[in-house]
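Visitor: For the sequence shown, position 406 (counting from the first letter as 1) is numbered 406 according to UniProt numbering, and the numbering increases by one without interruption.
What the hints contain is simulated information worked out from the structure, not anything from laboratory work. By construction, the Cβ of each residue, glycine as well, lies at the ideal position given by its N, Cα and C atoms. Among the hints, a few may not be true.
Across the chosen pairs, the derived CB separations fall in these ranges [as the list claims (entries may be wrong)]:
| id | residue 1 | residue 2 | range |
| --- | --- | --- | --- |
| 1 | Phe286 | Asn309 | 22 to 30 Å |
| 2 | Val339 | His65 | 27 to 35 Å |
| 3 | Arg670 | Ser23 | 34 to 42 Å |
| 4 | Lys27 | Gly669 | 33 to 41 Å |
| 5 | Asp504 | Gln226 | 32 to 40 Å |
Straight-line Cα separation of at most 20 Å, EDC-like style, residue types lysine to aspartate or glutamate; simulated pairs [said to hold, decoys possible]:
| id | residue 1 | residue 2 |
| --- | --- | --- |
| 6 | Lys668 | Asp328 |
| 7 | Lys28 | Glu257 |
| 8 | Lys303 | Asp328 |
| 9 | Lys338 | Glu257 |
| 10 | Lys458 | Glu483 |
| 11 | Lys665 | Asp592 |
| 12 | Lys306 | Glu322 |
| 13 | Lys228 | Glu322 |
| 14 | Lys480 | Glu513 |
| 15 | Lys668 | Glu322 |
| 16 | Lys194 | Glu163 |
| 17 | Lys665 | Glu285 |
| 18 | Lys5 | Glu285 |
| 19 | Lys204 | Glu483 |
| 20 | Lys303 | Glu322 |
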Amino acid sequence: MRYAKCTPDDIAFLKSRIAPQNSEIFKKPEFRNVSIITATNKVKDSYNEVGAERFAADTRQELHHFYSTDKLRPGNVGKKQKRGRPKSKKSKQQVMTEGLQKQLWDVPPASVGHIPGKLAVCLGMPVLIRNNDATELCITKGQEGLVAGWTSSIGPYDMPILETLFVKLINPPSTVNIEGLEENVVPITRTKTKKTAVLGTDKKLSIEREQVNILPNFSMTDYSSQGKTRNYNVVDLADNSRYHGMYTSLSRGTSAEGTVILGTFDDNIYKITQGLSKAGFLRQEFRELNLLDEITRLRYEDKLPKHVNADLRYPLIQAYMEWKKNTDMIEQWHAELKVTSYDELIPQEAVDDTEYLWKSEVMSKQPLEQRKKRMQDIEDQVKISKTMGKKMKSQDSTTQSISDQPRGVLWDSVDYSCGYDSLLVILFSIWKDNALFWGRKWRSHGGYISQISAGFAKVLTNQSTIEEVRNALRSDLRQKHPERFPHGSAGIYISDLIPKVIPDIELGHSTIECPNCRKHSTRLANNFALSAFTVINANQYRKSKIGDQYSIEDALYTAKGDIRQKCAPCKTNYVRQLTVDTQTDLICFGIDDTHLKIKPLIHLPAGNSHNTYRLKGLIYGGGQHFTSRIVDNHGQVFYADGLQNGRECIFERTLMASDDGIWLKTCKGRILLYVVYENMTMLTANGIRE
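Start from the sequences and build out the full structure, keeping to the hints where you can.
Guide: Written out as structure tokens, the structure reads:
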């Protein structure tokens, strides 16, 4: 199933795990309350509703229902849900009536951001925590537990509301002891969250919902199940849209005996028998993972020579293949992974481990100590206050020191800030390395980037912190755009934030021309207009095959290339080229095309010359949280997550000029959303060298 190539015998085996209707197996205690893995949130909510009623009947308890307190929020609730999606209809509803409140209570949790309007609980019932309330107490999203008690009161329309729910955690990462409570019992209180409620097919309401953020745990989606290991695994495969979800659901189980499939999955059999995609990217990924598995096994068994060693994937595979020139391991692979040539397993030429992208002796003629001295000189020169006698704030536990290591940003656990933090930590790293140049440059742009630059200058002179710079920016954005930059745990879309911060300069435009009759077409050209913030969507027009070297330059058509559209009169394929007329200091790309190779350096034309841009930051998202990677001027890559690591940025590795970039596409389970480049040519032209 991993390779979508199940045989008839495999299908027969899977069908042997289907539980017949009214099966006695669900009367066994080990299966009775197992959370069912399904594909959709709609089905999950239905399973949870039925499961709660059944659990109360099994334990001969009354099922208690506790209601949310909802308030309408003003304005258009239809902000962009994702890049490129149309805005929703504006609701005319302005007053929360009793009828509307009851209607909202009846809406399933999936239609209101997975926060229930009516929460059913009883003692001992399995529940799932839905929010990172207190990581130090193991109150984290996805943590499972059992209801241990509650306190309640009477809310609007004389309906009961929860004040605090006490949950006994199941297998928490560490033992939790709170005075006055049993071991591993934690309190979860009501919280206010801004959400969009979907009523019917087209009506949406922006509301503020106050409720304890947990759900019954009689079902979960295949997405939420990732990372879990289950001795007893009950799955519903009927609604899976792709074979990946079926594989994820079934692979949570540790044994066939402990795996039970609900209902039939006949409509999805073709998905697990058609083989891997013709594109081949996933197939090559599996091949490389198999090689890395073998290398790991040999290293563990102390059978690997010391020279088979490297920090990056491709150099390591290259070293292994040169050592193990003839291997039977490949013959044991699944047929979907077989190669026609032995050389196909070698991704690229061998690279020199010392070939760092930004070697200090190449990129800078200054030794390290002089660079540190120059950083101190910048710190001394950057002064915000013109009052000579103004006393600087004394450095305390909240004031950061100047260091060559990038500086992180503390996450705000009350007013969630990871969206802002993920961008600001990159901008501060860029600004700090050349504070005088970027200070002048960003001030000349005006707007929010000028405000940020002034704030960073105060950080260098210990008059402020990055957190204060963030809070000031956030406050100003909210005053002008309250719907896009809400308060609390609702979060933001970074696609809304970046254009407000990075100056939106148009750099170039596309041209489409027939090379035969010289006819020009503008119908599709706007799809590839280039600005300082550009989203690169999946390629739909290029005629040539996308390879493993498919780069940002390729996606932007900075070189002429045939596309699929043909000239109507002569039937010749059009040629597209992106003409770049000007330059910018920073450029940010939204990565919607997963095939893109993230290169440390990119080259873009600018009039009659060209500019070299170097990678300085990457933003990742997943699980309602954003994190960053920072690349300093020496090619060192640091991981920044203010929620887990506070102000500390964790060193990962050093980029090399020939780096394949694959490892940059994901980060600790999150996917790459945005990359930020700085104009290296602009720095060099101003006499700046690192």
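Visitor: Work down the list of hints and note, for each, if the structure agrees.
Guide: Now for the hints, and whether the structure bears them out:
Roughly 23 Å separates the CB atoms of Phe286 and Asn309, a value that falls within the hinted 22 to 30 Å. Hint check: Val339 to His65, Cβ distance near 59 Å, so the stated range 27 to 35 Å is violated. Distance hint check for Arg670 and Ser23: the Cβ-Cβ separation is about 39 Å, which falls inside the suggested range of 34 to 42 Å. At about 37 Å, the beta-carbon gap between Lys27 and Gly669 stays in the expected band of 33 to 41 Å.
Evaluation of the 32 to 40 Å hint for Asp504 and Gln226 yields a pass: the beta carbon distance comes to about 36 Å. With a CA separation close to 33 Å, the supplied pair Lys668 and Asp328 exceeds the 20 Å bound. Note on Lys28 and Glu257: the hinted pairing holds, with a Cα-Cα distance of about 13 Å set against a maximum of 20 Å. A distance of roughly 16 Å separates the Cα atoms of Lys303 and Asp328; the hinted pair therefore holds under the 20 Å criterion.
Between the alpha carbons of Lys338 and Glu257 the distance comes to roughly 31 Å, so the proposed pair goes past 20 Å and is violated. Taking the CA atoms of Lys458 and Glu483, the gap is about 30 Å. The hint is violated against a cut of 20 Å. Under the criterion of a C-alpha separation no larger than 20 Å, the hint pairing Lys665 with Asp592 is consistent with the structure, at around 11 Å. Under the criterion of a C-alpha separation no larger than 20 Å, the hint pairing Lys306 with Glu322 is consistent with the structure, at around 13 Å.
About 37 Å separates the Cα atoms of Lys228 and Glu322, which puts this hinted pair outside 20 Å; it is violated. Distance restraint check for Lys480 and Glu513: the Cα-Cα separation of roughly 43 Å exceeds the 20 Å cut-off, and the hinted pair is therefore not satisfied. Taking the CA atoms of Lys668 and Glu322, the gap is about 31 Å. The hint is violated against a cut of 20 Å. Restraint check for Lys194 and Glu163: the C-alpha separation of about 19 Å stays at or below 20 Å, so the hint holds.
For the hint pairing Lys665 with Glu285, the CA-to-CA distance comes to about 13 Å; that is within 20 Å, so the pair holds. Note on Lys5 and Glu285: the hinted pairing holds, with a Cα-Cα distance of about 16 Å set against a maximum of 20 Å. For the given pair, Lys204 sits about 14 Å from Glu483 by alpha-carbon distance, which is consistent with the 20 Å threshold. In summary, the hint linking Lys303 to Glu322 is supported, as the alpha carbons are separated by about 15 Å, within the 20 Å threshold.
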